[in-house]
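Asker: Line order of the protein sequences matches chains W and Z. Heads up, the first sequence is in our numbering, so the first residue is 1 and it goes up one at a time. Heads up, the second sequence is in our numbering, so the first residue is 1 and it goes up one at a time.
It should be emphasised that the hints constitute simulated quantities derived from the structure, not laboratory data. Fair warning: this is a prediction, and the values are worked out from it, not measured in the lab. It is possible that part of the hints are untrue.
A pair counts as met if it fits within one copy or between any two copies, since identical chains are not told apart.
Simulated pairs of lysine-lysine, DSS-like, Cα-Cα distance not exceeding 30 Å [said to hold, decoys possible]:
#1 K319 to K136
#2 K471 to K131
#3 K361 to K26
#4 K136 to K37
#5 K361 to K443
#6 K443 to K172
#7 K107 to K172
#8 K225 to K474
#9 K88 to K149
#10 K99 to K88
Chain residues, written in single-letter form:
Number of protein chains: 2
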Amino acid sequence: MSETDKTPLPNKYENFNEWYNEILQKAELIDLRYGVKGFIVYRPNAAVIMRQVYRLFEEELDRLGHAPCIFPVVIPFEFFEKEAQHIKGFLDEVFWVTKAGQHELNKPLLLRPTSETAMYPLYAFWIRSYKDLPLKLYQSNSVYRYETKATKPLLRGREFFWIEAHCAHRTKENAERQVLEDMEVMSNALHEVLGVPFLLLERPPWDRFAGAERTYAFDVVFPDKSVLQIATTHILGENFSRAFEIMYKDEDGELKYVQQTCFGIGISRILATLISVHGDEYGLVLPFDIAPTQIVIVPILFKEAGGIVMEKCKAIFEKLCEKGYRVMLDDSDERPGAKFYRWETLGVPVRIEIGPRDVEKGVVTVFRRDTRERIVVRENELEEKIKELRKDILRVLRERGEKWLEANLRDVKSKDDLIMLAREGGIGRMAFCGREECASEIKAETGGFEVRGVRVGEKWEKLSVCAACGKEAKELVYVAKPY
Amino acid sequence: MSETDKTPLPNKYENFNEWYNEILQKAELIDLRYGVKGFIVYRPNAAVIMRQVYRLFEEELDRLGHAPCIFPVVIPFEFFEKEAQHIKGFLDEVFWVTKAGQHELNKPLLLRPTSETAMYPLYAFWIRSYKDLPLKLYQSNSVYRYETKATKPLLRGREFFWIEAHCAHRTKENAERQVLEDMEVMSNALHEVLGVPFLLLERPPWDRFAGAERTYAFDVVFPDKSVLQIATTHILGENFSRAFEIMYKDEDGELKYVQQTCFGIGISRILATLISVHGDEYGLVLPFDIAPTQIVIVPILFKEAGGIVMEKCKAIFEKLCEKGYRVMLDDSDERPGAKFYRWETLGVPVRIEIGPRDVEKGVVTVFRRDTRERIVVRENELEEKIKELRKDILRVLRERGEKWLEANLRDVKSKDDLIMLAREGGIGRMAFCGREECASEIKAETGGFEVRGVRVGEKWEKLSVCAACGKEAKELVYVAKPY
């Protein structure tokens, strides 16, 4: 981060691409100079946020009875080819390992694009009886897909980081409950920790995960009004358990196929979301609970009073550490202005500034990154204030996001409305006939708007006709331009 | 884990191979049925221990000013080929990605066998001035090496998990200090947390890391008297900084090459070490600080007194959780014997058993896994007892390991002694001429004993002649049979 270049970033709503590329550099998040298309380098500022996001979800999965495991990055082709739909969906996207040392491999291996076909052959060994169910395992790993669409850092790459959770259940009902649990994990994290509003949609049949019976997805709305899918959970039914012969002996002695689900949480995409949905022209804005550094303390030193200011800073630092906050005391030699600038760029939610006058008066100055307000707080009320800020920062970020989502949600009644939506951007909600051809026509005529699916839990009045084709309407769907 | 098969494991000192293969299955640590040679599946019981080991070292590295980062798993060949020694050392061992989808890649990519050549091209971008130094970055990741030697689960595979830390320093002195710091990180973790004794050796020139000026390695002694290298730290000097043109402008305005070091901590090998060095015929024995579950509470229920026993168990469970211990309350329906068996197999360091009589008397029964002793402890002294056990378990495990190391360390004075060592197994210490040909002869004549290097910090009296060849001796070295 150059010390001299302090010009603010562009407005992200007006010029998202430029803003996004600049913030990735300015906050030293990633580096695009790796020299292999679609592969990026995550610098420490990105890696520490991703670590936080990983832990958030890992703790939640652990709490819900999942357990971590690690499968190889390579998948033998004979595993991969077992489920017909799955191989059809992924074959054009896989990277192949064909050589080792100077030798051609007898059987080429593929880099996992997702791990169903790696994991399920072992599930067939591990599951014997109904007592072995449910089996709930997850991996925190990276997967590889040879994307032919334009790549965009963190949004669409050829290597991405995620958590994949794979469950085997005894009954259809348990599998359904699993998917509801997955939705809740994701909804809670987005609502209670990340402060990001979302659309939870059941994808139309042609947009399901390869091998799934039903696919539910979390879409978030970006500042350019495009949507990004950040997580999905799928009912796999018996598609994979039949292909991989994952059976259990039930209480009644009968051999039955397990009912499967899988759940993917896009960690690099959540990083992109945190950057884009919350960031502003001064840099990152991180929600309090996920921020690697939650509070930074900056001493405002004058020669004479240096000693007592540093003493006070250290005392407050230690007190806050003890309370379990992630705190940094910036006692470097830079001028306070440079420090303020850096910590704002990095999105640290709360900054505490302490100068000689503050010490005298028994107060500290608190700066909150989300609203960029400064507040003077009595030292003995600081902890209370931080507790309050923790909640209030989340509220502010969430409400901003919700406003953006609402402001860009349009009811689409006709083809003209669709054309208007395509021109202005936004999310459309419309009565839809349910036909894939109609969705394809919408996509072609709007330059890329897709039918993203039915919102989970949304009820609708009797619908008349499809807003796009005029045929009988079957459902209320959302249309949007995806990344 | 089958409930019926409660036969103890073989004695690990008498039949290590059998013991090792059995414990991997019995404690459900890994699965070897993945179908690709050298690639294994880490089941939850292994994954949670590895997570603990990862965190132990990550926290320590963070504390010492390293920062995490993530580089791609693939390395372009033009990066890889830049350092001549390095490419020579690894070319026969790399996996090649040559195809994506249906296309041949223009330039094949290699799966990282280690990340010097992935990271250092970026270091050349990031480092401009002496103010950018030191740069201390680490990755927690997996690497890929096409091992042609026999693979052995966790000890030698084609995919292994580690931390690799890469530092760029301003001066040779700082690089030297870095390597000392790395040694301390590893020594402290082994001594203070993992309870594993080790030999810290400077490897002879022919056994250095490809591209290093000096290589220091941590060898641990296994129950079969073979040694396993679990970590290394290297002085790279300017070998890579010249190849990758990593230069900085010094305070005097001159452009200089950075001084580099790298440090690898083998996480899957540390898992193998914890299993092998501490385990016994009842299963795993985990040191208290690294154990995913430190304390398990088992209620001994009788119909009439079930309520008060469970109440007591829950109260103690909550109290210990509050104190920050990782505690499990096993309130499943199994019989206590089956529970004891399972938790012993998994190596949980402390078990607390509570029955109706205990509640009456205000005591609990504490079982320690390391010595398999049962102690009755007054409830109000439980916390004190656990603090004491935490230290004492570590002491016992460490002393056991030290005894094993000492008992198998032999002073080698002659060729006959070497032949004897090869027959009986163990670690030899001998005066050595320093010549690679002599080391090769030792290896050939002993069926695989290698000169592992000089012990760091060890002083010796004037040496006369090399125990193997009779030429003038230059140093005191350790010889052992490595995995």
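Asker: One pair to classify: K471 and K131, alpha carbons no more than 30 Å apart. Within, between, both, or neither?
Answerer: Answer is neither: 50 Å inside a copy and 68 Å across each miss the 30 Å cutoff.
Asker: Tell me, please, which holds for K136 and K37 at an alpha-carbon limit of 30 Å: within, between, both or neither?
Answerer: between (35 Å within a copy, 26 Å between copies)
Asker: Pop the pair K225 and K474 into one bin, within, between, both or neither, using alpha-carbon distances up to 30 Å.
Answerer: within (26 Å within a copy, 72 Å between copies)
Asker: Given a CA cutoff of 30 Å, do K99 and K88 count as a within-copy pair, a between-copy pair, both, or neither?
Answerer: Both ways: K99 and K88 sit 24 Å apart in one copy and 17 Å across, limit 30 Å.
Asker: At most 30 Å between C-alpha atoms: does K443 with K172 qualify within a copy, between copies, both, or neither?
Answerer: Classified as neither: same-chain Cα gap 34 Å, cross-chain 61 Å, threshold 30 Å.
Asker: Go through the copies and call it for K361 and K443: within, between, both or neither, with a Cα cutoff of 30 Å.
Answerer: neither (63 Å within a copy, 75 Å between copies)
Asker: Have a look at K88 and K149 and pick one of within, between, both or neither, based on CA distance no larger than 30 Å.
Answerer: within (18 Å within a copy, 37 Å between copies)
Asker: Please sort K107 with K172 into within, between, both or neither, judging by C-alpha distance up to 30 Å.
Answerer: Intra 37 Å, inter 47 Å, cutoff 30 Å: neither.
Asker: With identical chains, the pair K361 and K26 could be close in the same copy or across copies; at 30 Å between alpha carbons, which is it: within, between, both, or neither?
Answerer: Answer is neither; intra-copy 37 Å and inter-copy 65 Å both fail.
Asker: Classify it for me, K319 with K136: is the Cα-Cα distance of at most 30 Å met within a copy, between copies, both or neither?
Answerer: So K319 and K136 pass the 30 Å test across copies only (29 Å; inside, 40 Å).
The structure fails hints 2, 3, 5, 6 and 7 (numbered hints given earlier, in ascending order).
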